Amino acid sequence: MQTDRAVVTVMGRDRVGIVAGISGELAEANANILDLASTKMGDLFVMMILIDISGIKVSLAELKERLRRRGEGLGVQVMVQHEDVFRYMHRV
Amino acid sequence: MFSKDEIIETIRMILVEHLNVRAVTLGINLLDCVSDDFDSMRDRVEEKISEVAGGFVEEAKAVEEKYGIPIVNKRIAVTPASALLGPAIVGIPEEGAIELAVELARAFDEGARRVGVDFIGGYGALVQKGFTRADSILLRSIPRALASTERVCSCVNIATTKAGINVDAARAMGKVILETAWATANRSGIGCCKLAAFANAPEDNPFMAGAYHGLGEPESVINVGISGPAVIRAAVEQSQGEDFRALAERIKRTAFKITRVGELVGREMAERLGVRFGIVDLSLAPTPEAGESIADIIEAMGIESCGAPGSTAALALLTDAVKKGGAMATSFVGGLSGAFIPVSEDAGMRDALRAGSLSLEKLEAMTSVCSVGLDMIAIPGDTPPETISAIIMDGMAIGVVNDKPIGVRLIPVPGKGAGDVVEFGGLFGSAIVMSVSRFSASKFIERGGHIPPSILSLRG
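Chains A and B supply the protein sequences, listed in that same order. Numbers 1 to 92, taken from the numbering used here, label the letters of the first sequence in order. Numbers 1001 to 1460, taken from the numbering used here, label the letters of the second sequence in order.
These aren't lab readings, by the way, just hints derived from the structure by calculation. A few of these clues could be false.
As the list claims (entries may be wrong) - Listing some non-contacts, in silico: residues in chain B with all C-beta distances to chain A over 10 angstroms:
1) Glu1009
2) Thr1010
3) Ile1011
4) Ile1014
5) Ser1440
As the list claims (entries may be wrong) - Only pairs whose alpha carbons sit at most 16 angstroms apart, straight line, appear in this in silico EDC-like list of lysine to aspartate or glutamate:
6) B:Lys1443 x B:Asp1403
7) B:Lys1324 x B:Glu1271
8) A:Lys40 x B:Asp1382
9) A:Lys64 x A:Asp14
10) A:Lys64 x B:Asp1168
11) A:Lys64 x B:Glu1446
12) B:Lys1066 x A:Glu83
13) B:Lys1066 x A:Asp4
14) B:Lys1066 x A:Asp43
15) B:Lys1061 x A:Glu62
16) B:Lys1066 x A:Glu65
17) B:Lys1066 x B:Glu1271
18) B:Lys1252 x B:Glu1242
19) B:Lys1061 x B:Glu1009
20) B:Lys1175 x B:Glu1423
21) B:Lys1323 x B:Asp1394
22) B:Lys1048 x B:Asp1005
23) B:Lys1066 x A:Asp35
24) B:Lys1175 x B:Asp1005
25) B:Lys1252 x B:Asp1168
26) B:Lys1061 x A:Glu65
27) A:Lys40 x B:Asp1032
28) B:Lys1004 x A:Asp35
29) B:Lys1362 x B:Glu1386
30) B:Lys1443 x B:Asp1168
31) A:Lys40 x B:Asp1168
32) A:Lys57 x A:Asp14
33) B:Lys1004 x A:Glu28
34) A:Lys57 x A:Asp35
35) B:Lys1066 x A:Glu28
Note that this is a predicted model, so its numbers are computed, not measured. Here a beta-carbon is modelled for each residue, glycine too, at the ideal position from N, C-alpha and C.
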């Protein structure tokens, strides 16, 4: 089953504006947020966002680049991966 | 949605434990390039590699991007060169034929360069039962071929469970390996890093130097080699205090996850290139990077230094658990599927060598429970060819009697003796020259001929 969803993972020191910055960038690219969770790992703030990429206005590579740049400004690392990698690893 | 823990586990494997796909190898049939006119065959070979593999590297990069999983090596495997050479050298005297063979190697190299892959495997022959004229010419051309190319890898299969061991081929390989070392003496014998003698060489092996596109394979195919020694080591480290039953279970579960990534990447690559998805090779492959080491896994199980008593049992448990987890995760398992213990490519193995816990003899024992064999072992440059042949024969015997693939990749380093350090660079790493027994096997090797297949081969 092919799906058009991706997981955005944001990691870094917690600060004002991370959620706003990243979600703003997603909205700009027309990526709908389907689910969102966050947690703490020691000092690290980790946010995981499931997004629908079927209607995005830019390529996935471009979206990744924009998020990476925005993340850099916020002092966080951002990864974007098609959800299949998680599905293959964790679901039989 | 996935749970937080699942997402974090995957991210940790990628960022901290360097989970990656070690090799995606595109197998290409070149039999339709065969011609009795050498020049047209050579041109066709270069063209066909470009045709089939033109978009290979670009697509691999797109897949890396999509899943956030690095694909470390993009490679090509082709039909064994000796099967291509035959018609083109009919009536051509030996020296001229060898020169043409070297030119074919250059065509492989050029084809690989054009499409941007780092290695192309298949400059080899299958001689387990004897030599065709093309096989003999090809074997004699190997030293020059590997000295005059960058990307070409050579694998010569000299034994199978069914055919036994071609001792004449083992004898020839002793000389070929030494000549290759001397032909690349200015780079510490690096040609031998790209040359392996095999028993039961799999037709779908994605890993160099043993990769070739077997005659039973389809027109073109994607085969995948997984990775993940550091991921497995992290799992083993979490198992302190657990018994072996729990340890095996932990490795199995982790291997399942690693292999699923290989399966996903392989399927996607095959679909994008419009070729068949072949197999996932379940071998754990180390690299010279810190943490990417099989020796470290063995030590994390409780062995003080790799090679100490217990190491063979530890490796057996590791290989078996990886296979069991991996077999559940992919529809087609193939290639070598065992743990690799290439000494120069594994920083932990080098440390063990320095500490004095690892010897050639212990490595040989360890190869009986993993697939790859005596791999990337630097030996003194003055090792006699008969001794090299005899080490190869020992490896072949283990492969044949245990009905499993095994390779021997030895690097006699010109001008170096036991204990010296050699730098090969890149993926090949650096090596400490191992000492080799000073006792001779020359009378044994001089017998020549063929060791008949073991009684175990009489099946069916």
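Holds or violated: Lys64 of chain A to Glu1446 of chain B, with C-alpha atoms at most 16 angstroms apart
violated, 63 angstroms
Is Lys40 of chain A within 16 angstroms of Asp1168 of chain B, Cα to Cα?
The given pair, whose Cα atoms are some 64 angstroms apart, is violated under the 16 angstroms limit.
Would you check the hint for Lys1252 of chain B and Glu1242 of chain B, treating anything up to 16 angstroms between C-alpha atoms as holding?
Holds, because 15 angstroms separates the two Cα atoms, which is no more than 16 angstroms.
Does the claim that Glu1009 of chain B lies off the interface hold, with its Cβ farther than 10 angstroms from every Cβ of chain A?
violated, 8 angstroms
Using Cβ atoms and 10 angstroms as the threshold, tell me whether Ile1011 of chain B really stays out of contact range of chain A.
violated, 5 angstroms
Tell me if the straight-line CA distance from Lys1061 of chain B to Glu1009 of chain B falls inside 16 angstroms.
Cα-Cα ~23 angstroms, so violated.
16 angstroms limit on alpha-carbon distance, applied to hinted pair Lys57 of chain A and Asp14 of chain A:
Distance ~29 angstroms between Lys57 of chain A and Asp14 of chain A Cα, so the pair is violated.
Ser1440 of chain B remote from chain A - nearest C-beta pair above 10 angstroms
Answer for Ser1440 of chain B: holds, closest chain A Cβ roughly 53 angstroms.
Against the 16 angstroms threshold, does the CA-CA distance of Lys40 of chain A and Asp1382 of chain B hold or violate the hint?
Measuring from Cα to Cα gives roughly 59 angstroms; hence the hint is violated.
Are the Cα atoms of Lys1443 of chain B and Asp1403 of chain B separated by 16 angstroms or less?
Answer violated: Lys1443 of chain B to Asp1403 of chain B is near 27 angstroms, above 16 angstroms.
Given the hinted pair Lys1362 of chain B and Glu1386 of chain B, is their Cα-Cα distance within 16 angstroms?
violated, 21 angstroms
Holds or violated: Lys1175 of chain B with Glu1423 of chain B, Cα cutoff 16 angstroms?
Answer violated: Lys1175 of chain B to Glu1423 of chain B is near 23 angstroms, above 16 angstroms.
Checked against the numbered hints listed earlier, the structure breaks hints 1, 2, 3, 4, 6, 7, 8, 9, 10, 11, 14, 19, 20, 21, 22, 23, 24, 25, 27, 29, 31, 32, 33, 34 and 35; every other hint is satisfied.
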